[in-house]
Structures are given as structure tokens and as C-alpha cells.
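Taken in order, these protein sequences are the chains called A, B and C. Counted from 1, the first sequence has number 315 at position 238 by our numbering; the numbering is strictly sequential. Counted from 1, the second sequence has number 74 at position 9 by our numbering; the numbering is strictly sequential. Counted from 1, the third sequence has number 174 at position 50 by our numbering; the numbering is strictly sequential.
Keep in mind that the hints are not guaranteed to be accurate.
[To be verified] Think about it this way: if two alpha-carbon atoms lie no more than 35 angstroms apart in a straight line, the pair counts; the simulated DSBU-like pairs of lysine-lysine are:
(1) A:K268 / A:K342
(2) A:K342 / B:K125
(3) A:K316 / B:K122
(4) C:K341 / A:K342
(5) A:K268 / C:K192
(6) A:K422 / A:K342
(7) A:K422 / C:K341
(8) A:K223 / A:K176
(9) A:K268 / C:K341
(10) C:K246 / A:K316
(11) A:K422 / B:K122
(12) B:K125 / B:K137
(13) C:K341 / C:K136
(14) A:K223 / A:K131
(15) A:K176 / A:K115
(16) A:K81 / B:K125
(17) A:K342 / C:K136
(18) C:K341 / C:K192
(19) B:K137 / A:K422
(20) A:K81 / B:K122
(21) B:K122 / B:K137
(22) A:K342 / C:K192
(23) B:K125 / A:K422
(24) A:K115 / A:K223
(25) A:K81 / A:K422
(26) A:K342 / B:K122
(27) A:K268 / B:K122
(28) A:K316 / A:K268
(29) A:K342 / A:K316
(30) B:K125 / A:K268
(31) B:K137 / A:K342
(32) A:K81 / A:K316
(33) C:K136 / C:K192
(34) A:K422 / A:K268
(35) A:K115 / A:K131
(36) B:K122 / C:K341
I should point out that these hints are in silico values taken from the structure, not numbers from a laboratory. Note that this is a predicted model, so its numbers are computed, not measured.
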Amino acid sequence: MWWKTLSVVLIIYALLAGLLVPLKSGIQRVEPAYARTKQDVSIRFYGYNTFFAKPAAEPLRVWLYADENNALAARQIRPVNDTILEAVFTMPENLPGGKQSVYLNAIIDHPEAGAALLPAAVELRQDTGMVAMALDPAWMANPVQKLHVQTGFSFPYQNVIYESIRNTYFHVPMWFVLLFLFSASVWYSVKYLRQPLPENDRHAAAYAEAGLLFGVLGLVTGMVWANYTWGKPWSNDIKQLMTAVALLIYLAYFILRRSFDEYEKGARLAAVYNIFAFASLVPLLYIVPRMFASLHPGATGNPAFGSQDLDNTMRAVFYPAIIGWTLLGFWVANLRIRYQRLHDKVMDLEG
Amino acid sequence: MRKFFIIILFLAISLPAVFAEGNRDYMRETGKINVVVAVILVIFLGIVWYLLRLERKLTKLEHQIHDTHERKN
Amino acid sequence: MNWRSLIPLLHKEFLLEFRQRYAISGIVLYVFSMVFVVYIASIRVTPPVWNVLFWLIVLFASINAVVKSFVQESGARQLYYYQLADPVVLLLAKIIYNTLLLFVLSTLAFAAYSLVAGNPVKDWPLFGLVLVLGSLGFSIAFTFIASIAAKANNSATLMAILSFPVILPILLTLVRLSSIALRLIQDTSYTRDILNLLAIDVILITLTFVLFPFIWKD
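Isolated chain A, as found in the complex (with noise of 0.2 angstroms):
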């Protein structure tokens, strides 16, 4: 009983967590994404939960950056309102390395709300006149030094991602769950070969059949969840394939189970059929990634997830998310082995 209270308790955890803990601050677009050298140019900064009217204890501050050692601190600030904040630049004379153009980075550092980044924000083309052989010193006169880092519980902020990165607590967690119940119904399945009991066999049964449930929903929210961040639900994803084959072997499964008159039978060459698949579904992992390039953070081929794309506190809500939705698989393929278990007897007693 104690591991159902667990689950129940996780997954509300995940919930409330994983819905009410707010995003970081993040930049989510620039204007303009263009600028050229020795010239005055007013940037607007459009924010994500940002709060840059916000009176605060310290000054904002903003940035461009190319690299560690070369970045232009902001001349003048404006906050709009709280999400758009208007910065003004003078652009040096030079470029760093003598380049025709180079990407800067965007900074804004607030104190309480930490610091924003949007990689590669503007393009600093060279104006095509005399140029200095000397860098321009503006470039050093104002390194990036003392961010603030938001102290609070939040979650990272992703472009293009943004909100739906609280996905990671639902969807994620049922190809745990998925890989969880397959496993456990070929344990059983071995369990059935070397020792012939229905009960070994229903643990195999209710346990294929609650993993197909949670792989079918972990593709449908998968595919969701793709239609809007990667541009279609279909992308031949090293674990959308994967996935989409092992529930294929398990509807095969549950069809070669109902195509014998006996029941031993049946049970037997369906457990000698869940080995087989199962084990050839391993090589998939060697040779898709050959093919298909994956879009899933963590991507050739391994299956957990980058450090850059998991920090501490997505952490704390990620690794009881997949416990408690593990645990509440493992109840549902509970519910179907008594009620298998309850039928087989009734049959039984009517003979």
C-alpha cells in the first residue's frame, strides 16, 4: 500500500512544481539583429519574465558581448515597461580579430531576477572605411563581472521552448515507464519459461498491456509537444521510432496470445516471442542514430539527458516525477493482474 501513497504524493509534488514554479528571466528577441561599427545604435530588448521597471536595490545592467575578454556595456537604459527595455550602444571602430562581422551575445544582469542570455542577438558588421589597426579599447573598458544569480526555485528559461519545458515532468517520464513495464513483462516472461505458472504468465500479460497504455500516451504527448516546438509531430526521432516499434511487438504480442485454443500454449510461445522482440529492439539504439539526426536533448544515441539541459532544480522535480508516475504504471498493471487473476478463477469454478 505504502508505494501508492508514494505515487499519489510524487505526482502531485510534480504537479504543483512543475506547474507553479516560475521560469527564470530570459531575452527573447532583439531589435535590431543588426548593427554597424562607429555608430550610436538604440537596441529594444523584448524580455521573458522579466521585471525591468521594476525599481530594484542596484542599477541594470546590460551587455554585448563576442568573447570573455571583449564586451560593450550598455551607455544609457530605458525600461519601457517590464518586458521591454530600450539600451543604447556605441559601437567601437573595430571588430576583435580584424573580422568582417561578428555575433554578439546579449547580457541584461538584474539583481533579483539574475541573468538573462540570448546567444548570437545581434551582428556587428565592419564599416567599410579607414579602420584602425588597433582594437578599439571600448571593447575592454567594461568586462561582464559580478552577474547576479537568481537565488529562488525556477526553471530554465529556453527559447522557442519557453513554458513547455514543463513537459519534462509529463511527458519525459512516460518512456520511463514505458521502458519500466516492458522490462518487467520480459522478466516475467523468462520467469514463465523456466517455470510454467498462469501467474508468472499474467505478471508478463498486465504488465505489456499497462506499458502499452503509457507508450501510446508518452508518442500522442510527444507528438504534441513536437507540433509546437519542433514544427511537426513526426520527425523519425531515434525514440519516437523506438518507441513506435516497441508497441508494435507488443500488439503483436497480445495477438499471437489470442491466436491459440490453449491457454499454455499461447502463454508460452508469446513469452519465447516478448524475448525475442524485445532483445532485437536493442540494436535500433546502435543504428538509428546512424540515419536520423535526433532532436531530443542528449542526442546520439544517449538515452539520459545532457547536464545543460537538466539543472539542479528541474532535477528536484524530474527525478520524483518519474518515480511516481513508474509507481503509478506498476498500479494500473496491478489493478489488471487481480482482476486476471479473479477471472481466471471464476472461469475455473464454472469449468
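Following the hints, put chains B and C in place on chain A, whose structure we already have.
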């Protein structure tokens, strides 16, 4: 029960389309939060659908047990 | 394990095939009709389409060729074989025989297909190797699945749905390798794909040997 469920499913699918009328993009607005809502809704409805299916099977079994019991008496 | 019975068992497979010539003629006719359908349905076959269509023809012909290897023998006769020889050796004989059969079939399909749809193959040794590896992989997977499907009543349908997910890794690699042989994609590191294919074969054949004893006994 089944009808009720079909109505819920229909509403869940059609409501975003109703809100998306005009030039507003319902799913992409407000930081794409509605994508999260849709995902949670799909998961919830999927699990409820499975439980309803299991319940129908159980009801059938209950009737069966009931019938056998009456026959014996 | 009594490996000496392998040769007589192989001989038996050939003999059976020879006695029931209509079965193999049926498969050959099947290949020719599929090639003919491709010929009348598509006016111009570009190399990428050629590649995919070729492997689809080989795939379906292989499923149909292998499914008969268990179905055509009655249960009583199979039981008799199982008493005479080790079931695993029997299965191995079937796999070897099916590999040869599928290689002949796919070569035949290739000849007929390149006659009607043109022949875009550039790298002949690689393409030949792909055909051999393809026959081997298809033979292992399909023979095992056929041994399961033969136990059921609707074996032809079951064969198709059971084998599709299992064959997918092999099929994807084969299509990739043969598109390298057709110079559709440039890739010098295709030895890794070949190794992948061999690794899959090893995995499948190990599983086959471990699991087959659970299938044949009734």
C-alpha cells in the same frame, strides 16, 4: 458512462480549436503553457479510459459471479 | 548436441523442396509478378526509389518463402524429426537452407528487377555482400518467427505482424548499406554498418538457440 466519456473526449479535442479561432494561436500564446495543459489532459484521459475499460470488464465478471451464485441457490 | 545429423537434415530440406517444386515455383512467380507490378505502375524509377522498392520486394518474397518451411510439414512429421535429431540442429539446418534459398531468390529478384527498372548499382562487391548479409539476417529472423507462427491457425497473417518489428533494424541497415553501394550517400565508414548487421545476426541466432527448445515441444 461510455457516452459521458465520448462527450468529454470530444470537448477536450474541440475546445482548443474553438479558442484558436481567428488569428490567435491558442497553443503558442502565453509561453506555450497550453501545450503543457494539453499533455497533462491527454495523460489523464488516457489513464481514465484504461480504468473505465477495466471497470466494464469487472462489471461483467460481477454479473457472472452473481448469476452462478443464483443458479446454485 | 549431435552435429553429425546436420548434413542429412540439410539434405532432407533440399529433397523436400525438390519434391514440392510447385511451392518454390510459386515464390519465384510471386517475385516476378511484384517486379512486373513495379514495371507497369511506375514510369521512371529513380535510384532512391529503386533501392527501397527492391528491398520491399525481397522482404515480402522472403516472408513468403520462409513461412512454408514449418507450415508445409505436418505436426506429426515434425515430432518424428524432433525425436530423430536435436531440435536445435534441425533449426540450424533450416536456417542454413533458408539462407541459400533467400540468396538465390534475391539474386533472381535483382536480375528481374534490373531488367525492367534499370540497374543503378555502382559498387558491385558491396552490393553482393549486402545481398549475402541480407539473406542471412532475413533467414535467421524469419525462420525463428515462422516456427512460432506455424503453431497458430492464422500463420500467414501472424508471420507478417510478428516479423515486422523484429526485422526493422536489419532492414534499415540493409537499405542504408545498399544506398551506399548505389552511391546515393557518401560514407566511407560503412564497415560499422556491416559490423552492426553481423552483431544483430549473432544476437538473433543466440536467442534462437536458447528459445527454440521452448517452441517445439507440445
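Status of each hint after checking the structure:
1. A:K268 / A:K342: 15 angstroms, holds
2. A:K342 / B:K125: 26 angstroms, holds
3. A:K316 / B:K122: 33 angstroms, holds
4. C:K341 / A:K342: Measuring from Cα to Cα gives roughly 10 angstroms; hence the hint holds.
5. A:K268 / C:K192: 31 angstroms, holds
6. A:K422 / A:K342: 19 angstroms, holds
7. A:K422 / C:K341: 27 angstroms, holds
8. A:K223 / A:K176: 28 angstroms, holds
9. A:K268 / C:K341: 18 angstroms, holds
10. C:K246 / A:K316: 34 angstroms, holds
11. A:K422 / B:K122: Satisfied, since the Cα-Cα distance of roughly 15 angstroms is no more than 35 angstroms.
12. B:K125 / B:K137: 19 angstroms, holds
13. C:K341 / C:K136: 21 angstroms, holds
14. A:K223 / A:K131: 20 angstroms, holds
15. A:K176 / A:K115: Measuring from Cα to Cα gives roughly 15 angstroms; hence the hint holds.
16. A:K81 / B:K125: Roughly 26 angstroms separates the two Cα atoms, so the pair holds.
17. A:K342 / C:K136: Within the cut-off at roughly 28 angstroms; holds.
18. C:K341 / C:K192: Roughly 19 angstroms separates the two Cα atoms, so the pair holds.
19. B:K137 / A:K422: The given pair, whose Cα atoms are some 17 angstroms apart, holds under the 35 angstroms limit.
20. A:K81 / B:K122: 23 angstroms, holds
21. B:K122 / B:K137: Between K122 of chain B and K137 of chain B the Cα gap is close to 23 angstroms, so the pair holds against 35 angstroms.
22. A:K342 / C:K192: Holds: K342 of chain A and K192 of chain C sit about 21 angstroms apart, inside 35 angstroms.
23. B:K125 / A:K422: Distance of about 14 angstroms is within 35 angstroms: holds.
24. A:K115 / A:K223: Distance ~28 angstroms between K115 of chain A and K223 of chain A Cα, so the pair holds.
25. A:K81 / A:K422: 26 angstroms, holds
26. A:K342 / B:K122: The hint holds at about 24 angstroms.
27. A:K268 / B:K122: Given that 35 angstroms is the threshold and the Cα spacing comes to 27 angstroms, the pair holds.
28. A:K316 / A:K268: 28 angstroms, holds
29. A:K342 / A:K316: Between K342 of chain A and K316 of chain A the Cα gap is close to 33 angstroms, so the pair holds against 35 angstroms.
30. B:K125 / A:K268: Within the cut-off at roughly 31 angstroms; holds.
31. B:K137 / A:K342: Cα-Cα ~33 angstroms, so holds.
32. A:K81 / A:K316: 29 angstroms, holds
33. C:K136 / C:K192: 15 angstroms, holds
34. A:K422 / A:K268: Holds, because 22 angstroms separates the two Cα atoms, which is no more than 35 angstroms.
35. A:K115 / A:K131: 32 angstroms, holds
36. B:K122 / C:K341: 34 angstroms, holds
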